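Peer 1: For reference, the chains in residue letters:
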Amino acid sequence: MRHMLPVPPHASANNRWRAGSCTGSRSLGCCWAIALFAVIAAASHLAAQSATTDPFNGTWRLSVAKSNAAWQAHPQPKRPAPEPLSHGVITIKVTGSAMDYQVEHGTGTGQPRKASVAASFNDATWQAMQGAPEGGFSTATLVKINERQHYWVTRGADGNFAGLMLRRLADDGRSLTAVGIGPDGYVQYVRVFDKQ
Amino acid sequence: MIRDLVWLTAGIAGLSAVVATQGVRPPAGSDHFHGTWIVNPAKTVNWSGRDNTTFEVISFTVEGDRQERDVETAYGVADMDGVHRHNRRRNGVRYNEFDPVKANATNISVFGNNVPPNTTLKADDHLVTLKISDRTHISFNKSGSGFFRHMQPDLREYAYVGFNADGTVHLHRWSYRVKKPGDANLPQPPLAPSTQAQR
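Residue numbers (the numbering used here), protein chains in the order written: chain A, 188 to 383; chain B, 2 to 200.
I should point out that these hints are in silico values taken from the structure, not numbers from a laboratory.
Remember, predicted model here, so these are calculated numbers, not experimental data.
Some clues are possibly wrong.
As the list claims (entries may be wrong) - DSSO-like mimics (lysine-lysine), calculated; alpha carbons at most 27 angstroms apart, straight line: (1) B:Lys143 with A:Lys331; (2) A:Lys331 with B:Lys103; (3) A:Lys331 with A:Lys382; (4) B:Lys44 with B:Lys132; (5) B:Lys123 with A:Lys331; (6) B:Lys143 with A:Lys280.
Let the hints inform the model, and build the full structure from the sequences given.
Peer 2: Shown next, in the form of structure tokens:
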């Protein structure tokens, strides 16, 4: 560590920076500066790490085959058939307690539709969805259970409950399973997305 | 004269319809769960295969953003000794509060529940109870499971839906409103379409 610190050119032989051994008033100030620098560096590192390492961060693409298998394996009660979806791409960016979410979804006919929301976890506020969200809900509040599981509680335009969405990561973090539960208590869909 | 009689009859009929609906309709802006409810075993399904809820009387008191519940339940049928064992507990929580101190979730076993009477049980697994509307609320545990209660638009029935952390729904428990003590232990018939349209 000692050899990494610079020696200022103006420092005299008796009053030079002595890295790793702060003595005297000027050196004490130097220690404070080093400590401050270390704190700032650590904070920046942690902030950057949290922004890049949230396991939900990234782009996720619907796997129709895996979704069909997951739907078949999901126990009752569920609707006779899942809500159709043949194309789905989700982009998630979690920074701290805030999430930017964008989705592109379609059923195979016509142009895919897009929707987005920017919201915070666990603040019990209702955030408006932008664009054309699937399922007709208009607002959502987000609940973070842990690093690998979120819930969306949704309302329709009339303010009534429009259903619950679970998003849960696989243990290896490579796939995301979304489960929709309707206000009637029946599972509406089970979808599996692969990380891109 | 005939026209007056027609107007009078129509007026009485209209007023009767309004009065009939007031009994199940709390004041605007209040929580529609406030009151007492009885389980409807015929509509209740325990999808996990466990014993069904065969008895439940639950009373909600909602004041401001705090909900208190007093609930007595029993499952399945009587034990071999002929006693159908009941459990009673009291719970309370503040809506929309993630701070556990402010949420102040409480859980007291009044009797049953395999603990001595009036035992205070832990409630630290509770994460949050969100009020979605006056006829729906949802509660999450820290483990990722939870439940919601969603009331029908006619305010006479609600379904309790329990779900696991993997998205499996394990319970549909239906309850209907008790208008006053001594009422028949039968669900009310559905409202006529014309009455529902007036709501």
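Peer 1: It remains to establish, for every hint, whether it holds in the given structure.
Peer 2: Comparing the hints with the structure gives:
Only pairs whose Cα atoms come within 27 angstroms are accepted, and Lys143 of chain B paired with Lys331 of chain A is accepted, the gap being roughly 9 angstroms. Restraint check for Lys331 of chain A and Lys103 of chain B: satisfied, since their Cα atoms lie roughly 18 angstroms apart, inside the 27 angstroms limit. This hinted pair checks out: Lys331 of chain A and Lys382 of chain A have alpha carbons roughly 20 angstroms apart, not beyond 27 angstroms. At most 27 angstroms may separate the alpha-carbon atoms for a hinted pair to count; Lys44 of chain B and Lys132 of chain B meet this at roughly 25 angstroms.
With a C-alpha separation of about 22 angstroms, the suggested pairing of Lys123 of chain B with Lys331 of chain A holds against the 27 angstroms cut-off. The hinted pair formed by Lys143 of chain B and Lys280 of chain A meets the criterion: a straight-line CA distance of about 23 angstroms does not exceed 27 angstroms.
Figure legend: structure checked against the earlier numbered hints; every hint is met.
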